[in-house]
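Just so you know, the protein sequences line up as chains C and Z, in that order.
Its first residue numbered 1, the first sequence is counted upward by one per residue in the working numbering.
Its first residue numbered 239, the second sequence is counted upward by one per residue in the working numbering.
Keep in mind that the hints are not guaranteed to be accurate.
To be verified - Take a look, some chain C residues computed to stay more than 12 Å from chain Z by CB distance:
1) M18
2) L34
3) L72
4) I75
5) A78
6) Q87
7) T109
8) T134
9) F142
10) Y153
11) I180
12) N205
What the hints assert, rightly or not - Restricting the straight-line Cα-Cα distance to at most 25 Å, the calculated cross-link-like pairs of lysine-lysine (BS3-like) are:
13) Z:K330 - Z:K385
14) Z:K480 - Z:K343
15) Z:K330 - C:K105
16) C:K203 - Z:K480
17) Z:K385 - C:K3
18) C:K102 - Z:K480
19) C:K3 - Z:K480
20) C:K105 - Z:K385
21) Z:K343 - C:K102
22) Z:K343 - C:K105
23) C:K102 - Z:K385
24) C:K203 - Z:K385
25) Z:K349 - C:K203
As the list claims (entries may be wrong) - Residues from chain Z shown here face chain C by an in silico Cβ test under 10 Å; the list is partial:
26) A253
27) A364
28) L478
29) K480
No lab work stands behind these hints: they were computed from the structure.
Every residue, glycine too, gets a C-beta built ideally from N, C-alpha and C.
Here is how the chains run, residue by residue.
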Amino acid sequence: MTKACWIWRTTIGKKAAMAVTGVMLLGFLVGHLLGNLKVFLGPEAFNHYAVGLRHLGDPFLPERAALLVMRLGLIAAAVLHVVAVFQLRAVSAAARPVAYTKGHKLNFTPASSAMFWGGLTLAASILAHLAHLTWGTLHQDFRHEVVLNGITYPYADAYHNLVSGFQVPWVAALYLLAQIPLAMHLYHGLWSACQTLGLNHPKYNHWRRPAAAVVAIGIAGGYCLIPLAVLTGLVTLN
Amino acid sequence: MNLILHVWRQASPTARGRFETYTANDVNEEMSFLEMLDVVNEQLIANNQEPIAFEHDCREGICGSCGVVVNGEPHGPHRGGATCQLHLRHFKSGDEIWIEPFRAKAFPVLKDLIVDRGALDRIIQAGGYVSVRTGSAPDANAVLVPKQYAEQAMNAAECIGCGACVAACPNAAAMLFTAAKVSHLALLPQGQPERTQRVEGMVARVNAEAFGHCTNHGACEAACPKGISVDFIARLNRELLKAAVLPPQEP
């Protein structure tokens, strides 16, 4: 335990915490994307997934227990990720009190430059997304009950909420726009996590950046499909 | 060729610094950057003015003492060389050149372009050594080193400790320097006995010296006069995390 505290006090330890929590959040993005792509299979299949999430582990676990554990884990990961970045930035701001008159950004990429502000944009987008499709506070027509196989559940009608939500063009446009910082953050974050966790080998090093690009574009592109399908009428309310 | 120089002048560590503008007239493109500064200093001395203080020793890219920031780039616009290896052929007549010291809290300015890089020495003292037996010289090649390890260790050992990685880093981090030193010794059999204490000691020192954190931009690698790869930073991180996670080795 003292060792864990010591590591956390080093910048490398905080970076490692950011890498691990970042990978956890990436794992959520993958699962969330796969689940939500079921929207293409129609309302039955999609709501079956949404209701199934609340019944995960049934009959061993009580209703929503598994979901609660996953949500608490994600919140803890997100909080640790953000706390670490603010502490690290404070350390680094103090490390160069006098700035260069002539700045030169050697080897920077747009993605590496946008990590902090892009990350904050993402955090704001995620809160708006939760208010839109999880809590329903930012939704014009949110249904809090769902009928599946003749049974009425006290859960949100995920299919209706998603489709009617994205039928508002400016909402869909904002969502699509938010995928740009997401892809950039994932690209630099994933490559950076490999470095931070010491995952390198001369044989595979040149694959790390392309692999990060494929994951970033794959995930952001996958999320883009959903509002695009609603806007083009491929996915409709009924 | 004629150059316009904006040079950081600071009389002492506590004095306020500012840029002064000088002209270097009739210098030629075969001259090194430091020779050009020598010419400017001769003129300043002839005019009874204080010459520009800059650090230098070997002037052949080995000692690592001459680092200054030229137009925002540590060691100037060329790659794979120190400031002393920069030649005026990289500039055009009439160019304006901004010359600044390495800027980091851990590298306080002593005078003009000279900074105190003692923080890097203290990182070395915290673990950048191996214990050897004294007495008669050991047999050559008694300790076998696999070729690929020897080559990687040599790549890391190329670090001359100039501090350009710190100067180039947007966070003034000393990761590439520390990574090179830790990797160099961790790759060799002679470095094994102190491997764990070394990485822990050096990283603790880095944090005590007010350096920043790594954001994996790779600016250090671009500025390094020896072309040391950021792959060594991944190795440093792995060494530290292994030291933290694995139990201490039982005899």
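Does the structure keep K330 of chain Z and K105 of chain C at a Cα separation of 25 Å or less? Since the Cα atoms of K330 of chain Z and K105 of chain C sit roughly 22 Å apart, the hinted pair holds (cutoff 25 Å).
For I180 of chain C, is the shortest beta carbon distance to chain Z beyond 12 Å? It holds; I180 of chain C is separated from chain Z by about 20 Å at its closest Cβ, greater than 12 Å.
12 Å cut-off, C-beta based - Q87 of chain C kept clear of every residue in chain Z: violated (9 Å)
Beyond 12 Å on every Cβ pair: is that true for L72 of chain C relative to chain Z? holds (25 Å)
Mind checking the alpha carbons of K102 of chain C and K385 of chain Z for me, to see if they're no more than 25 Å apart? violated (43 Å)
Against chain Z, does T134 of chain C hold up as non-interface, every C-beta pair farther apart than 12 Å? Since the minimum Cβ distance to chain Z is about 32 Å, T134 of chain C lies beyond 12 Å and the statement holds.
Under the criterion that the straight-line Cα-Cα distance not exceed 25 Å, is the pair K343 of chain Z, K102 of chain C satisfied? Holds. K343 of chain Z to K102 of chain C sits at ~18 Å (cutoff 25 Å).
Is K102 of chain C close enough to K480 of chain Z, meaning Cα to Cα at most 25 Å? violated (40 Å)
Are the Cα positions of K3 of chain C and K480 of chain Z separated by 25 Å at most? holds (12 Å)
Looking at L34 of chain C again, its CB stays over 12 Å from all of chain Z? Holds: least Cβ distance 28 Å, greater than 12 Å.
Would you check whether K480 of chain Z satisfies its interface hint, that is, whether its CB is within less than 10 Å of any CB in chain C? Holds. Min distance 8 Å.
25 Å Cα cutoff - pair K385 of chain Z, K3 of chain C: violated (35 Å)
In the structure shown, a violation is registered for the earlier hints numbered 1, 6, 7, 12, 13, 14, 17, 18, 20, 23, 25, 26 and 27, in ascending order.
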